[in-house]
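Under the numbering used here, the first residue of the sequence shown is numbered 114, with each subsequent residue one higher.
Any given hint could turn out to be false.
As the list claims (entries may be wrong) - Each pair of labels, with its calculated beta carbon distance range: (1) V227 - D286: 16 to 26 Å; (2) A171 - Y235: 45 to 55 Å; (3) D164 - F243: 11 to 21 Å; (4) W133 - G338: 22 to 32 Å; (5) D300 - I359: 25 to 35 Å; (6) D286 - W363: 54 to 64 Å; (7) F243 - G338: 11 to 21 Å; (8) L136 - I284: 24 to 34 Å; (9) D300 - I263: 41 to 51 Å; (10) P310 - Y235: 36 to 46 Å.
Since the hints were derived computationally from the structure, they do not count as laboratory data.
The beta-carbon is built from N, C-alpha and C at its ideal position, and this holds for glycine as well.
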Amino acid sequence: MSIVTQPQVTAVPPRGRLNWTILVAGVIVGGWIMLAVFAPWIAPYDPNTVDILHALAAPSADHWFGTDQVGRDVLSRVIFAARIDLLMCIAGVLPPLLIGTTVGLLSGYYGGVVDTALMRLYDLTAAFPFFVLVLAIVGILGPGLLNFFIALALVGWVTYARLMRAEVMSIRDSEYIQAAQCLGYSDRVILTRHVMPNAFGPVLAYAVSDSVLVMLAGASFGFLGMGAQPPIAEWGVMISDGSAFIRQAWWICMFPGLATISLGLGLAFLGDGLGQLRRRQVSA
């Protein structure tokens, strides 16, 4: 008599939503990256060439997105502006990410005076709105992208440190960490090989989502004249320049506004996809 055993089937969580989320994010963000990299070959005109005779020209076959108040091609400026706005997403997030991750890693693992000082600093920073602090620092340092990035680094790293600290504290007493300590591994090895890889996932997902806020902040500061300075092509600056002509030349504001929304949605989808991936790994 033979016994036939049925194969066990392991339930696999559906991946459709995650795949579509990352796919959409890849198409949008990847498309803007390609436009930014190959802008000199894709843009039909020089973004800073002035042509007063064709100022405020409506969208046409010669100028698909029309021209602005001094005759510059709006399409070319939107494409070149992607370089500045993508730079803001990277340079505005990377320094706070590196500083906050390092401080949060050490604070969460060792505790003590550093941890107490970090919490007091976070409470002090959280007592004021984020944009108010950044605006105050830029107002002191002066307008410009460099000062905008400095202000973001001075204010934004605290949130990353707090998040990293919470993740480290949740795993520092885990069995595999205790086993590594019993085997005599140094703190450097434990932090870099065991703690950091397991704690960095949520921080990275937050960084991608935070890049959306950084880009919108950069566009807002450009609109206020405290970010990128003319004649640099930047979406916030373009919206600011076109706001005075919104009734007679709507295209000057609309197309850079749509570009800002599309890149923001792409980054938001990417952050959401990474967050879903992290949750599925934890639940598995």
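Assessment of proposed distance window 11 to 21 Å (beta carbons of D164, F243): 40 Å Cβ-Cβ, so the 11 to 21 Å window is violated.
C-beta pair A171, Y235: status relative to the range 45 to 55 Å that was hinted: This hint holds: roughly 51 Å between Cβ atoms.
Range agreement (Cβ of G338 with Cβ of F243, hint 11 to 21 Å): Given range 11 to 21 Å: holds, Cβ gap about 20 Å.
Outcome of range test on Cβ distance (D300, I263; 41 to 51 Å): violated (31 Å)
Status of the given 24 to 34 Å range, CB of I284 versus CB of L136: holds (31 Å)
Whether the CB-CB distance between D300 and I359 falls inside 25 to 35 Å: Cβ of D300 to Cβ of I359: about 58 Å, so the range 25 to 35 Å is violated.
Hint check for G338 and W133 - Cβ pair distance inside 22 to 32 Å: violated (40 Å)
Verdict for P310, Y235 (Cβ pair) under range 36 to 46 Å: violated (24 Å)
C-beta pair V227, D286: status relative to the range 16 to 26 Å that was hinted: Because 18 Å falls inside the window, the suggested range holds.
W363 and D286 - C-beta distance against the hinted 54 to 64 Å: Given a distance of about 59 Å, which is inside 54 to 64 Å, the answer is holds.
Checked against the numbered hints given earlier, the structure breaks hints 3, 4, 5, 9 and 10 and satisfies all the rest.
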